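Student: Top to bottom, those sequences are chains A and B. To convert, note that position 498 of the first sequence is 498 in UniProt numbering; the numbers rise steadily by one, no gaps. To convert, note that position 455 of the second sequence is 455 in UniProt numbering; the numbers rise steadily by one, no gaps.
No lab work stands behind these hints: they were computed from the structure. This structure is a prediction, so every number in the text was calculated from the model and none was measured. Be careful, since some hints might not be right.
It does not matter which identical chain is used: a pair holds within one copy or between any two.
[Claimed, not checked] In silico DMTMM-like pairs for lysine to aspartate or glutamate, Cα to Cα no more than 20 Å straight-line: (1) K45 / D136; (2) K45 / E34; (3) K23 / D53; (4) K35 / E460; (5) K115 / E34; (6) K60 / D79; (7) K236 / D201; (8) K433 / D263; (9) K17 / E83; (10) K495 / D394; (11) K115 / E131; (12) K419 / E272; (13) K45 / E446.
Number of protein chains: 2
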Amino acid sequence: MGRKDKEDKGGSGFQLKVPKGTKDWDGRDMVIREKIFSTITEVFKRHGAVTIDTPVFEMKEILSGKYGEDSKLIYDLADQGGELCSLRYDLTVPFARWLAMNSSVQNIKRYHIAKVYRRDQPAMTKGRMREFYQCDFDIAGSYDSMIPDAEILRITTEIFEALGWKGRYTIKLNHRKILDGIFQVCGVPEEKLRTISSAVDKLDKSPWEEVRREMTEEKGLDGEVADRIGRYVVRKGSKDLLETLQQDAELTANESAKAGLADIELLFSYLETFDILEKISFDMSLARGLDYYTGLIYEVVTEGSAPSTSQSSKPKKQPNGGKAIQDGDDRSNDPSVGVGSVAAGGRYDNLVSMFSGKQQIPCVGISFGVERIFSITKSRLQAEQSSKPPRINDTDVFIMAFGGKGFDGLLPQRMGVAKTLWESGIKAEFLWKVKPKLPQQFKAAEANGVPFAVVLGEDELAKGTCKIKEMGLPEGHPEKEGVVVEMSKLVEEVKQRLQKWELEDGLQDMSITA
Amino acid sequence: MGRKDKEDKGGSGFQLKVPKGTKDWDGRDMVIREKIFSTITEVFKRHGAVTIDTPVFEMKEILSGKYGEDSKLIYDLADQGGELCSLRYDLTVPFARWLAMNSSVQNIKRYHIAKVYRRDQPAMTKGRMREFYQCDFDIAGSYDSMIPDAEILRITTEIFEALGWKGRYTIKLNHRKILDGIFQVCGVPEEKLRTISSAVDKLDKSPWEEVRREMTEEKGLDGEVADRIGRYVVRKGSKDLLETLQQDAELTANESAKAGLADIELLFSYLETFDILEKISFDMSLARGLDYYTGLIYEVVTEGSAPSTSQSSKPKKQPNGGKAIQDGDDRSNDPSVGVGSVAAGGRYDNLVSMFSGKQQIPCVGISFGVERIFSITKSRLQAEQSSKPPRINDTDVFIMAFGGKGFDGLLPQRMGVAKTLWESGIKAEFLWKVKPKLPQQFKAAEANGVPFAVVLGEDELAKGTCKIKEMGLPEGHPEKEGVVVEMSKLVEEVKQRLQKWELEDGLQDMSITA
């Protein structure tokens, strides 16, 4: 789509721009985004999920009191008379509101891919957009312990495998009840549980010393208590760590920790059956900010999503030997830069009852950071496919005409062939000129990498034939100059070639997987 | 999804509802809507279209002065500091803004399916939602006359045929230059051209006498001038009408009318080549309200979209012998009721230059009223498929287990089979219980019309086998009790049956076409 004239002065004299923190999606970016969405959606559907769609704005009071300090980031609609409304801040609260309003729905697996809105100020510093996509999958309903939780983690791995991230991501996992148990055992006063928990949550970005200082100096925790916490939260592992914790008599004497450890043991057995245990890191430092989690919590990290606090617009080296993400002009606002995870979620059993006093619907879910996934996917594609011209649309056939002196352009004939191809479901275009020149037509086809041309000429038409030409064949190829086919067999001939081409070139050309 | 507890008092004491004029989409409605979107998108892509996505809100000044009187219906965001923004009112102005900002894009075929926002007050009376979907397709760029216009009409017919509306829709068509010529020839003063044009636009809802009264009494037009207009605007036809008008010496002496008639003549020749001329009604009464049209204008009407001014919530009889649309409780706010068209558009060659002084990009486009198309499609499906239980998700296989005394539920085995099926891309579910009862499992599968069950039993597993059972087979069918297959061949066996089932039942079950 070429260069953008950003912040242009338009014909009306005002600045021509999109609002701060928002962007237009077009060209190759749009193609990649659509492919990511369809890849993710396919996995959700494989597990029986359905989608629901809620309004982009909610009653203001629905959002009130759900986001703590971040409530100041909520966009309100102007009071133009009538109800007071706000743009949705996430997809979880609208889902809980929907569940509370539809009391006949006692269970559902739902996904929702949609934009959410946050007045983050300033957006650039935090590397965050004000309008951005979320992709949520949640399971609501009462089921036997840890089975839906295990399936969510299985779905998560299927999605990242389908996106071609094999071996390049880790699911960090912890349990709120274990964390609470640890804090209690270490001697954290009840009223400081949540605030100490959010300090621990910073361990992915800050060293223990800094977190300890926050706990003791800012939050007034006793230094010895902090040190005891420190001995727990630096640990990570798998079944080995689980066993170590289960042998910790002080910890297992705590009811909360004991229940959490039993959950993890059961979960690990399910994850082994699902063959995904090796993707998991049981990580005591994972705490997750949101208050509403009640059980298992998890976060997916990848080499490309490691945190960075630099605001430089120069290319950054990522840790872990990962590929550098090009942080050019148009990506200085990119949410993938400097943010720690590409997906996150957990179990929240009490949120629905905040809306619906009468009933409790246990939920577990995950939110995929599609903007970050997009950025990482795009950089990889740029690195891998630099030699191939990107296709923007899906056109399979470009219909052309040529002729000598007195050539009239064969427009009705081109239109007629287009009609025939469209009727058979073949994606076809022709140049919207009465008398186009042949090079013009080839240029239009090549500009978008259309794989086949159907070429019409007066002599051929008189004989009831035309030519099919595969674009971009090397010199010397026997079909370089095209193949003459009967007009009456055109559809069949085109379909055969398309099928072969798709198997050989098309799939890899359009694939977003590695 | 069952009954909704609308306007419930939630656990927090406030009214649990969505904002006025908005709705949640779920269940079967969501499935139908998604199918309509994918049907339409497929046709767009067949013609080489790409999609772009713009922010849901724009700078307030971008929308200012684009919608005339309707500007009062624009939703503003609250002034929370920073830029003043408004929710988009349609998809055309954001597209024109995007074109103006991306000056390297000199031509594009783009579609955009997204929600737009109008503070219509009150929504019920006008049968209009405040948040609703639009589906726009536009062609921008300089091409030879009437070729892109003809392709848009061809695309329109392909979409309605794909939706199963064959023979049940008409494309009304007119030309702004012919209308202007008629008004000039009849003696309408230059400054009254647009206001008289919008009076003519009401002829689809009001008789001529009423429109004549508006022209003369409200708009001060001379009675004789009005009568002369009356003789023109009641005419409709096809090539016959074109010929009649071309023989009208007074009309063809008018430059504007002459140019418009030449366009229509050329267009008709293209529509004949595209084999869609019989879908067209050349209708002198079609004027279209929006100011920005400069050439061809069109509107698609169907038996189900005829206008109705009644606000009754009882079932309505539609004219033209069409099926009645059930106007039940949940559809009293339905935009398909009492609205005249299911798609409309035209050529607008000057809109982009409103944003970008330096350049003019001619455009022609159409907007599909997807909410109306949804309502009509839904009523037809209800009438046609009442005996079939609607499927909400796409699950192909439900994995079950059964056993005698001491049965442990075979959960790891069910999980293992699920994993194997998922890995082959098969959509599969199992009941998230450690020890589910067999009837429970069958009920869960039947509730959603899952076509196949894979049944595990301890004895069969010991022999390395399991059973595949097609659901809903009649008594006496040889495979009623299921077929025993080797566990090692399960994927293959399931895929074979699924393929056969999809050909026989699946396609028609999931189809939205007639």
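Student: Give a verdict on every hint.
Tutor: Results for each hint:
Proximity of K45 to D136 under the C-alpha cut-off of 20 Å is restricted to the intra-copy arrangement: shortest distance 13 Å within a copy versus 27 Å between copies. In this homomeric assembly, K45 and E34 come within 20 Å of each other (Cα to Cα) both inside a single copy, at 16 Å, and across copies, at 13 Å. Taking the shortest alpha-carbon separations for K23 and D53, only the inter-copy value of 9 Å comes in at or below 20 Å, while the best intra-copy value is 22 Å. Taking the shortest Cα distances, K35 and E460 never come within 20 Å of each other, neither inside one copy (40 Å) nor across copies (41 Å).
In the homo-oligomer, the alpha carbons of K115 and E34 lie at most 20 Å apart both inside one protomer (14 Å) and across protomers (17 Å), since each shortest distance falls under that limit. Proximity of K60 to D79 under the C-alpha cut-off of 20 Å is found in both arrangements, the shortest distances being 11 Å within a copy and 15 Å between copies. Proximity of K236 to D201 under the C-alpha cut-off of 20 Å is restricted to the intra-copy arrangement: shortest distance 14 Å within a copy versus 71 Å between copies. Only between protomers do K433 and D263 lie at most 20 Å apart by alpha-carbon distance; the minimum there is 15 Å, versus 68 Å within a single protomer.
In this assembly of identical chains, the alpha carbons of K17 and E83 lie at most 20 Å apart only when taken from different copies (11 Å versus 30 Å within one copy). Only within a single protomer do K495 and D394 lie at most 20 Å apart by alpha-carbon distance; the minimum there is 15 Å, versus 29 Å between protomers. In the homo-oligomer, the alpha carbons of K115 and E131 lie at most 20 Å apart both inside one protomer (6 Å) and across protomers (15 Å), since each shortest distance falls under that limit. Taking the closest pair of Cα atoms, K419 and E272 come within 20 Å of each other only across two copies (11 Å); inside a single copy the shortest separation is 55 Å, beyond that limit.
For the identical chains of this complex, K45 and E446 are inter-copy neighbours only, at 18 Å across copies versus 36 Å inside a copy, given an alpha-carbon limit of 20 Å.
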